[in-house]
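Peer 1: The lines below spell out each chain.
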Amino acid sequence: MPVLLEAAQAPTLADLLTYLQQQGLCAQLMDQAAAAIKIQGIGSLQQASAQEISFLSNPQLQAQLQGCQAAAVIMTQTVYDQLPAKPHFAAVIFEQPYLMYALLAQWFDQSRLNALPSGIHPTAVIDPSAQIGAGAHIGPYCVIEAGVFIGDSSRVGAGTVIGAHSQIGQHALIHPRVTVYHQVIIGARAIIHSGAVLGADGFGFAPHPQGGWAKIAQLGGVTIGDDVEIGANTTIDRGALDNTVIGHGVKLDNQIMLGHNVHIGDHTAIAACVGVAGSTHIGARCIVGGAAMVSGHLTITDDVQISGGTAVTSSITKAGRYSGVYPFAEHKHWQYNAAVISQLSQLRKRLRTLEREAELHKTKQE
Amino acid sequence: MPVLLEAAQAPTLADLLTYLQQQGLCAQLMDQAAAAIKIQGIGSLQQASAQEISFLSNPQLQAQLQGCQAAAVIMTQTVYDQLPAKPHFAAVIFEQPYLMYALLAQWFDQSRLNALPSGIHPTAVIDPSAQIGAGAHIGPYCVIEAGVFIGDSSRVGAGTVIGAHSQIGQHALIHPRVTVYHQVIIGARAIIHSGAVLGADGFGFAPHPQGGWAKIAQLGGVTIGDDVEIGANTTIDRGALDNTVIGHGVKLDNQIMLGHNVHIGDHTAIAACVGVAGSTHIGARCIVGGAAMVSGHLTITDDVQISGGTAVTSSITKAGRYSGVYPFAEHKHWQYNAAVISQLSQLRKRLRTLEREAELHKTKQE
Amino acid sequence: MPVLLEAAQAPTLADLLTYLQQQGLCAQLMDQAAAAIKIQGIGSLQQASAQEISFLSNPQLQAQLQGCQAAAVIMTQTVYDQLPAKPHFAAVIFEQPYLMYALLAQWFDQSRLNALPSGIHPTAVIDPSAQIGAGAHIGPYCVIEAGVFIGDSSRVGAGTVIGAHSQIGQHALIHPRVTVYHQVIIGARAIIHSGAVLGADGFGFAPHPQGGWAKIAQLGGVTIGDDVEIGANTTIDRGALDNTVIGHGVKLDNQIMLGHNVHIGDHTAIAACVGVAGSTHIGARCIVGGAAMVSGHLTITDDVQISGGTAVTSSITKAGRYSGVYPFAEHKHWQYNAAVISQLSQLRKRLRTLEREAELHKTKQE
Numbered sequence: 000m001p002v003l004l005e006a007a008q009a010p011t012l013a014d015l016l017t018y019l020q021q022q023g024l025c026a027q028l029m030d031q032a033a034a035a036i037k038i039q040g041i042g043s044l045q046q047a048s049a050q051e052i053s054f055l056s057n058p059q060l061q062a063q064l065q066g067c068q069a070a071a072v073i074m075t076q077t078v079y080d081q082l083p084a085k086p087h088f089a090a091v092i093f094e095q096p097y098l099m100y101a102l103l104a105q106w107f108d109q110s111r112l113n114a115l116p117s118g119i120h121p122t123a124v125i126d127p128s129a130q131i132g133a134g135a136h137i138g139p140y141c142v143i144e145a146g147v148f149i150g151d152s153s154r155v156g157a158g159t160v161i162g163a164h165s166q167i168g169q170h171a172l173i174h175p176r177v178t179v180y181h182q183v184i185i186g187a188r189a190i191i192h193s194g195a196v197l198g199a200d201g202f203g204f205a206p207h208p209q210g211g212w213a214k215i216a217q218l219g220g221v222t223i224g225d226d227v228e229i230g231a232n233t234t235i236d237r238g239a240l241d242n243t244v245i246g247h248g249v250k251l252d253n254q255i256m257l258g259h260n261v262h263i264g265d266h267t268a269i270a271a272c273v274g275v276a277g278s279t280h281i282g283a284r285c286i287v288g289g290a291a292m293v294s295g296h297l298t299i300t301d302d303v304q305i306s307g308g309t310a311v312t313s314s315i316t317k318a319g320r321y322s323g324v325y326p327f328a329e330h331k332h333w334q335y336n337a338a339v340i341s342q343l344s345q346l347r348k349r350l351r352t353l354e355r356e357a358e359l360h361k362t363k364q365e
Numbered sequence: 000m001p002v003l004l005e006a007a008q009a010p011t012l013a014d015l016l017t018y019l020q021q022q023g024l025c026a027q028l029m030d031q032a033a034a035a036i037k038i039q040g041i042g043s044l045q046q047a048s049a050q051e052i053s054f055l056s057n058p059q060l061q062a063q064l065q066g067c068q069a070a071a072v073i074m075t076q077t078v079y080d081q082l083p084a085k086p087h088f089a090a091v092i093f094e095q096p097y098l099m100y101a102l103l104a105q106w107f108d109q110s111r112l113n114a115l116p117s118g119i120h121p122t123a124v125i126d127p128s129a130q131i132g133a134g135a136h137i138g139p140y141c142v143i144e145a146g147v148f149i150g151d152s153s154r155v156g157a158g159t160v161i162g163a164h165s166q167i168g169q170h171a172l173i174h175p176r177v178t179v180y181h182q183v184i185i186g187a188r189a190i191i192h193s194g195a196v197l198g199a200d201g202f203g204f205a206p207h208p209q210g211g212w213a214k215i216a217q218l219g220g221v222t223i224g225d226d227v228e229i230g231a232n233t234t235i236d237r238g239a240l241d242n243t244v245i246g247h248g249v250k251l252d253n254q255i256m257l258g259h260n261v262h263i264g265d266h267t268a269i270a271a272c273v274g275v276a277g278s279t280h281i282g283a284r285c286i287v288g289g290a291a292m293v294s295g296h297l298t299i300t301d302d303v304q305i306s307g308g309t310a311v312t313s314s315i316t317k318a319g320r321y322s323g324v325y326p327f328a329e330h331k332h333w334q335y336n337a338a339v340i341s342q343l344s345q346l347r348k349r350l351r352t353l354e355r356e357a358e359l360h361k362t363k364q365e
Numbered sequence: 000m001p002v003l004l005e006a007a008q009a010p011t012l013a014d015l016l017t018y019l020q021q022q023g024l025c026a027q028l029m030d031q032a033a034a035a036i037k038i039q040g041i042g043s044l045q046q047a048s049a050q051e052i053s054f055l056s057n058p059q060l061q062a063q064l065q066g067c068q069a070a071a072v073i074m075t076q077t078v079y080d081q082l083p084a085k086p087h088f089a090a091v092i093f094e095q096p097y098l099m100y101a102l103l104a105q106w107f108d109q110s111r112l113n114a115l116p117s118g119i120h121p122t123a124v125i126d127p128s129a130q131i132g133a134g135a136h137i138g139p140y141c142v143i144e145a146g147v148f149i150g151d152s153s154r155v156g157a158g159t160v161i162g163a164h165s166q167i168g169q170h171a172l173i174h175p176r177v178t179v180y181h182q183v184i185i186g187a188r189a190i191i192h193s194g195a196v197l198g199a200d201g202f203g204f205a206p207h208p209q210g211g212w213a214k215i216a217q218l219g220g221v222t223i224g225d226d227v228e229i230g231a232n233t234t235i236d237r238g239a240l241d242n243t244v245i246g247h248g249v250k251l252d253n254q255i256m257l258g259h260n261v262h263i264g265d266h267t268a269i270a271a272c273v274g275v276a277g278s279t280h281i282g283a284r285c286i287v288g289g290a291a292m293v294s295g296h297l298t299i300t301d302d303v304q305i306s307g308g309t310a311v312t313s314s315i316t317k318a319g320r321y322s323g324v325y326p327f328a329e330h331k332h333w334q335y336n337a338a339v340i341s342q343l344s345q346l347r348k349r350l351r352t353l354e355r356e357a358e359l360h361k362t363k364q365e
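Here the protein sequences line up with chains L, C and R, keeping their order. Counting from 0, one number per residue, gives the positions in the first sequence under numbering that gives the first Met the number 0. Counting from 0, one number per residue, gives the positions in the second sequence under numbering that gives the first Met the number 0. Counting from 0, one number per residue, gives the positions in the third sequence under numbering that gives the first Met the number 0.
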């Protein structure tokens, strides 16, 4: 199903295993004769064709091995040992098949990227004071303002605008139609998807004595660590005075909104449609589920998991999982129960009254 | 109020009725003399001017007919029969006035589109291997990559980027500043609004044994059927291995997020700000209200309606309407009641205790 | 921490006070000798350097004055009078330090804007019928369609597209990569952030008798007042027949979605990720918290505050604060209590039964 390389361009299984070894993953091939097989792509157990490699990461799918058409399948030693017979595909043994799949998928995606046009497109408008690293690609209709620095081997997609004095580290992949405002610092190996807006003004106003709102101009910037991925149409506002700060290895899905002066700790992953209001600090290694919202000026400690759709309205000082979602139901059923919500406090009082009466009754009887 | 055509360009009422007939809608004009009236636009009963046509779709607005300035009004036979006298406007009789308004509005919008510049703008950067259909319009500063196919009579707005090997059917209307990544297939008559991003990477990571996250490169694509509309700043991610799939006639509002490998059935309509997490399948003819969220790996059957703001956290196997929204109230009132939420389980226990005591009491008395 | 001007470009404290006076703010300098100090930027009490001005708006931070490095600090007379000794910085006395900071920050941001390139970039594609005001800046790769009007001294950032017959008032700041569709009217001094889409089609469909949906072409426009700010990736849809209307001084954060024919009253401020469905009218001077959602066809009166995350599903006729958020908790705790939500109606009945029995019991005993 996924894009295949033509046979002429395809790597052998041995090539792929060598690449994995360079990444620190040592997989074992059960049948050395299979090393020469050409691998043109990756597929799921059910969809992979005879030119592709597949993987079994979920032991419950073991039954799918029988009908699998793939040339090779990654599996654990335990799974392999349970096979009823020598398999009809090349077995690749590795204890974390899903991780191995992840790195192989990267290899195939990188081979696609390597084939794309490179160099600086003649239509790119680049300020003479900007520094473009060696091997960097700047796509058509990009605008690179004064004092910008773009690291070696980075790709900037078509129509992207990089504001004055911003910096992008090496080996970054900026997709088309991204906006980076002025004075935004982005680390190495960033992946930024189309429509992302980094460094727009935070939302700050003071009531004006003559009525209406006086804008607080946002003078801070944004600092983004290494190995950060930012999804499509996600927005990260610049700080009011100090910077908004995104740690190393942070992964942000699409349509996330991070307000001014938010801090996100290293390796925290946030799913789509999450909003984090201004000045909130989220710790390291947190996982925030989709469509959650976090109020402003809070502190969420490290290693917190927040369920999708939860509104976090106070700080969290203890690691663990937190939730707060109204359970859905058939509409009529929901209506009946939701009507009681506005009486909960009264219900509790009525219950207390009954309890007191029961107490009194018991006391009398004794 | 809406944009009017100049009298010289305006159609007669007869022209419009002929157009509707071609669409399968046979309306009846009560006074044939009115056929020659020039119609320069469409307005509501209260706002339409003497050069415009209006419509009565909601019988409760019947009283507005009296003061209506419109040259012509679409109404049902029933409404017409109830008029106290021959009306001062031309009556157009049709059993579904709202549908007739819809098609007339399309006619006026199409006449605006027809007047826009067409052809391939000289600034468009188009790879020589791309195929551009007859009569297609490619706007200024578009970038069309290798192997792209664009169908006949399609319009691609300014600054839109279409990635390698993507396809767009005929008679599509792609507004300015859209991003279509590589290998995204879009059917005929698509309408895609500005800021939409189709085919960005799904959000997939495996924990890396050395800490942090290993990216799962997203090798699948996106397949979008015919007659699909996609709203402004909506994002649809590409699949991990297989494709994300949007059926025929699906209507998506603004700022919707569909994760990787989501499937949306034919003619389903989704309102703004909805998020659907990865691998969830939503059936045909569903209606999802605004700001609803749907968790990942679920199956929602056909003909389901989900109320706005509902968090759907488990699969739905039965057609019907589902809801789950916390009722809002004056802040103080909400606070009192919300404080009880964290004690609900305790309250239920206390109620059970009282019930047991009451049971016991009754038993004793018998 | 924030961007500093070089000493040669920096204003003196006296320059800044004169500017504030022109804005109607009369601050008092306690030590006239300080008037000549060069101010290169603004910093918080803890971060400001010796070349910067700072401010104390929150009396609880008074202790930070001692270690403050700033050249000058804005404070109230009351705070000044409580200082234990003549301060080591220049004291600037003003009763609203936060407002003064706001205007000073504007000054510094304006000085940055003034230094940006201006004029019409040769790559901008501008229809001959468009009118561009005196001193306006049109950035690279902008597309300005027929009949557009852009007011004096306005800036239009790179890659922005302005559709036919739209108007932008004077002194506007349109950031890069904004889309304004056709017939959108925007007032003076607008600030519109990157990725915003103004005037895309509202979400309107009629069920088609032959199955599926018939599009209601959206013939209305958008009217936006003076002094409006619109955040990154926010979308405002055009009206179906009449216009969508945004009042004067309205402030919209990022990723907000306003449906067709929404009206927002003057000086209302809406935080990020809010959705307002079609035809809803929100009054003047309202404040809507982040990620709130407002259903369609409602009327919210003036001076209403809606807490973040609240779903407003019915009209509000009385000013005040409204909330409706499910309280979050540790996951297990949430699970226990959420399980009771679906029994609330039953619980109320059981409670009522017990109350009746208790009544009966008491009656018997009397």
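Calculated directly from the structure, the hints in this document are not laboratory data. Any given hint might turn out to be false.
The calculated label-pair distances, taken between Cβ atoms and stated as ranges, are [as the list claims (entries may be wrong)]:
#1 Thr17/L to Ser128/C: 31 to 37 Å
#2 Gly210/C to Ala6/R: 57 to 63 Å
#3 Gln345/C to His87/R: 54 to 60 Å
#4 Gln8/R to Pro127/L: 32 to 38 Å
#5 Met29/L to Ser314/C: 48 to 54 Å
#6 Gly210/C to Gln45/L: 46 to 52 Å
#7 Pro127/L to Ile119/R: 53 to 59 Å
#8 Ser341/C to Glu5/R: 53 to 59 Å
#9 Gln20/R to Phe204/L: 18 to 24 Å
#10 Asp151/C to Ala32/L: 31 to 37 Å
#11 Arg111/L to Gly210/C: 24 to 30 Å
#12 Ala7/C to Thr17/R: 55 to 61 Å
We put the CB at the ideal spot given by N, CA and C, even for glycine.
Peer 1: Work down the list of hints and note, for each, if the structure agrees.
Peer 2: Tested hints:
1. Judged by the Cβ atoms, the range 31 to 37 Å given for Thr17/L and Ser128/C holds: they are separated by roughly 33 Å.
2. At roughly 45 Å, the beta carbons of Gly210/C and Ala6/R sit outside the given window of 57 to 63 Å.
3. The given range of 54 to 60 Å is respected by Gln345/C and His87/R, whose C-beta atoms sit roughly 57 Å from each other.
4. Checked against the hint of 32 to 38 Å, the C-beta distance between Gln8/R and Pro127/L comes to roughly 21 Å, which is inconsistent with it.
5. Between Met29/L and Ser314/C the C-beta distance comes to about 39 Å, which lies outside the given range of 48 to 54 Å.
6. Between Gly210/C and Gln45/L the beta carbon distance is about 33 Å. The supplied range of 46 to 52 Å is therefore violated.
7. Checked against the hint of 53 to 59 Å, the pair Pro127/L and Ile119/R fails, with Cβ atoms roughly 20 Å apart.
8. Between Ser341/C and Glu5/R, the C-beta spacing of about 56 Å keeps the proposed range 53 to 59 Å intact.
9. For the pair Gln20/R and Phe204/L, the beta carbons lie near 22 Å from each other, so the given range of 18 to 24 Å is met.
10. Separated by about 52 Å at the C-beta atoms, Asp151/C and Ala32/L break the suggested range of 31 to 37 Å.
11. Range check, Arg111/L to Gly210/C: about 27 Å between beta-carbon atoms, so the 24 to 30 Å window is met.
12. Evaluation of the 55 to 61 Å hint for Ala7/C and Thr17/R yields a pass: the beta carbon distance comes to about 58 Å.
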